[in-house]
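**Student:** Residues per chain are reported as follows:
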Amino acid sequence: MSPAAAGPGIEVDVHAEVGAFHLDARFEVGGGTTVLFGPSGAGKTRTLRLLAGLDTPVRGRIAVGGRVLYDHAAELVVPAHERHVGMVFQQPLLLPHRTARANVALAVRDGDRHTRREVAEHWLRRVEAVGFADRRPAALSGGQQQRVALARALAGDPALLLLDEPFSALDLPVRRRLRTLVRELVEASGVPTLFVTHDPDEVTALADRVVLADHGSITRLVTPAEAIRHLGATG
Amino acid sequence: MDLTPLWLSLRVATLATVLTTVLGVAGAYALARARFPGRGLVEAIASLPIVLPPTVLGYYLLVTIGRNSPIGRAWEAVVGQPLVFTWQAAVLAAAVASLPFCLRAARAAIAAVDPAYEEAARVAGVAGWRLAFTVTLPLASRGIIAGISLAFARALGDFGTTIMVAGNIPGRTQTMPIAVYDRVQAFDYATAGTLAAVLAAVAIVVLLAVRWLERSAL
Chain A
1 MSPAAAGPGI EVDVHAEVGA FHLDARFEVG GGTTVLFGPS GAGKTRTLRL LAGLDTPVRG
61 RIAVGGRVLY DHAAELVVPA HERHVGMVFQ QPLLLPHRTA RANVALAVRD GDRHTRREVA
121 EHWLRRVEAV GFADRRPAAL SGGQQQRVAL ARALAGDPAL LLLDEPFSAL DLPVRRRLRT
181 LVRELVEASG VPTLFVTHDP DEVTALADRV VLADHGSITR LVTPAEAIRH LGATG
Chain B
1001 MDLTPLWLSL RVATLATVLT TVLGVAGAYA LARARFPGRG LVEAIASLPI VLPPTVLGYY
1061 LLVTIGRNSP IGRAWEAVVG QPLVFTWQAA VLAAAVASLP FCLRAARAAI AAVDPAYEEA
1121 ARVAGVAGWR LAFTVTLPLA SRGIIAGISL AFARALGDFG TTIMVAGNIP GRTQTMPIAV
1181 YDRVQAFDYA TAGTLAAVLA AVAIVVLLAV RWLERSAL
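In order, the protein sequences belong to chains A and B. Using my numbering, you'd call the opening residue of the first sequence number 1 and step up by one each time. Using my numbering, you'd call the opening residue of the second sequence number 1001 and step up by one each time.
Hints should not be assumed to be uniformly reliable.
[Claimed, not checked] So the derived label-pair ranges between C-beta atoms look like this:
hint: 1; chain 1: A; residue 1: Glu17; chain 2: B; residue 2: Ala1111; range: 20 to 28 angstroms
hint: 2; chain 1: B; residue 1: Ala1030; chain 2: A; residue 2: Glu17; range: 27 to 35 angstroms
hint: 3; chain 1: B; residue 1: Ala1112; chain 2: A; residue 2: His114; range: 34 to 42 angstroms
hint: 4; chain 1: B; residue 1: Asp1114; chain 2: A; residue 2: Asp199; range: 20 to 28 angstroms
hint: 5; chain 1: B; residue 1: Ala1030; chain 2: A; residue 2: Glu128; range: 57 to 65 angstroms
hint: 6; chain 1: A; residue 1: Ala63; chain 2: B; residue 2: Pro1037; range: 58 to 66 angstroms
hint: 7; chain 1: B; residue 1: Ala1217; chain 2: A; residue 2: Asp112; range: 23 to 31 angstroms
hint: 8; chain 1: B; residue 1: Ala1217; chain 2: A; residue 2: Pro39; range: 36 to 44 angstroms
hint: 9; chain 1: B; residue 1: Pro1037; chain 2: A; residue 2: Ser217; range: 16 to 24 angstroms
hint: 10; chain 1: B; residue 1: Ala1112; chain 2: A; residue 2: Glu128; range: 53 to 61 angstroms
hint: 11; chain 1: B; residue 1: Val1205; chain 2: A; residue 2: Glu128; range: 44 to 52 angstroms
hint: 12; chain 1: B; residue 1: Val1063; chain 2: A; residue 2: His114; range: 51 to 59 angstroms
hint: 13; chain 1: B; residue 1: Arg1215; chain 2: A; residue 2: Glu118; range: 32 to 40 angstroms
Think of the hints as simulated: they come from the structure by calculation, not from any bench. The beta-carbon is built from N, C-alpha and C at its ideal position, and this holds for glycine as well.
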């Protein structure tokens, strides 16, 4: 029943414990956009943090595009800064003392100052934010800041893109525009993407497939249509 | 009027503040972000200069850098003269006395930085020294500047610790606070008053400069 996994894959099979909260994430998906869908507190954000290397599971294994990022049995934990993951959080988390361009350039991994700047400009152009490259985050709207955060996530040439309800704090029209932008960027870049949301509209607009999150169990791989039906059945 | 004590005070306080800034900010970063055994003890010892009387602090420093101590002997072997009762000893005294002011303010400022910014930077490939210098310290810069300015003020005003390890040698170790005390002892109230006023004026200028710096940070 699982939708076919194509292209470079994400393999997750981990168990994590945070206080009394137990999390089991187990799924194998291909390229395109996989939406982690479920109510708040189900473990969606936690799953992204495990993939990014910001939290460490108790046991299990994580691999992206064939590269192992975590393997408990082999005592392998690749640190966050070496995982080549691009992540956009609910908050933009841009450095307030740097311009939009400098914020994006921070994530460019290779090259001299000039190259980093060029790569940053390129991605700012791609997210339609090059017009305010010289502004600091305080001078940008919430939507503009998330565009810059998206450029920063892509500028590091990531093997995996993690989007954690990146548009939840934005107005509906802005949210719709950015959804379309994400869709285009994911398709153009071919980077496998995990998108966390509890918004059915985002499932419909973005998902190639869905992993349902439910009380710490992130294991059920379904089609977008099934995910919406599931919501109707339980909600 | 002889302004030698003023220039000496400014030189001593500036160099002491440089020492304090490097040690204080590095120490604050370690205390705020690293987990290591004995952290509480390190913090307590670093804060001692706040609670100890300056003369007691000076006494311990004198024992530590005196001619018979390992540090004192090493200094004498390299430089050719004892460390105690020199302006360099005054720098050390002012640095030790002012360290906790910088350390505590910087530690609080660094601890208050939202770790989410550091996490976002780590995922973006920034770690280690680069993380500290591009993310954490700039985000804490306001508090760090406040700590450095407090340390400078404390270094400029140090009396007890300095007189214990550097003495009261006019033209060599007699800083402004010591010169004021010296003039009062000699019943030369006119000079003491002038020196005191100059020191107060310098302190006000420094505090205004710091206010401006704090505002322009972030």
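**Student:** If a hint holds in the structure, say so; if it does not, say that too.
**Tutor:** Hint check results:
1. A/Glu17 <-> B/Ala1111: 20 to 28 angstroms: With a Cβ separation near 26 angstroms, A/Glu17 and B/Ala1111 satisfy 20 to 28 angstroms, so the hint holds.
2. B/Ala1030 <-> A/Glu17: 27 to 35 angstroms: 29 angstroms, holds
3. B/Ala1112 <-> A/His114: 34 to 42 angstroms: For A/His114 against B/Ala1112, whose Cβ atoms are near 35 angstroms apart, the range 34 to 42 angstroms holds.
4. B/Asp1114 <-> A/Asp199: 20 to 28 angstroms: 25 angstroms, holds
5. B/Ala1030 <-> A/Glu128: 57 to 65 angstroms: 42 angstroms, violated
6. A/Ala63 <-> B/Pro1037: 58 to 66 angstroms: 35 angstroms Cβ-Cβ, so the 58 to 66 angstroms window is violated.
7. B/Ala1217 <-> A/Asp112: 23 to 31 angstroms: Given about 28 angstroms between the Cβ atoms, the range holds.
8. B/Ala1217 <-> A/Pro39: 36 to 44 angstroms: 42 angstroms, holds
9. B/Pro1037 <-> A/Ser217: 16 to 24 angstroms: 38 angstroms, violated
10. B/Ala1112 <-> A/Glu128: 53 to 61 angstroms: 35 angstroms, violated
11. B/Val1205 <-> A/Glu128: 44 to 52 angstroms: Since B/Val1205 and A/Glu128 have Cβ atoms about 49 angstroms apart, the given range 44 to 52 angstroms holds.
12. B/Val1063 <-> A/His114: 51 to 59 angstroms: With Cβ atoms ~55 angstroms apart, the hint holds.
13. B/Arg1215 <-> A/Glu118: 32 to 40 angstroms: About 34 angstroms separates the Cβ atoms of B/Arg1215 and A/Glu118, which means 32 to 40 angstroms holds.
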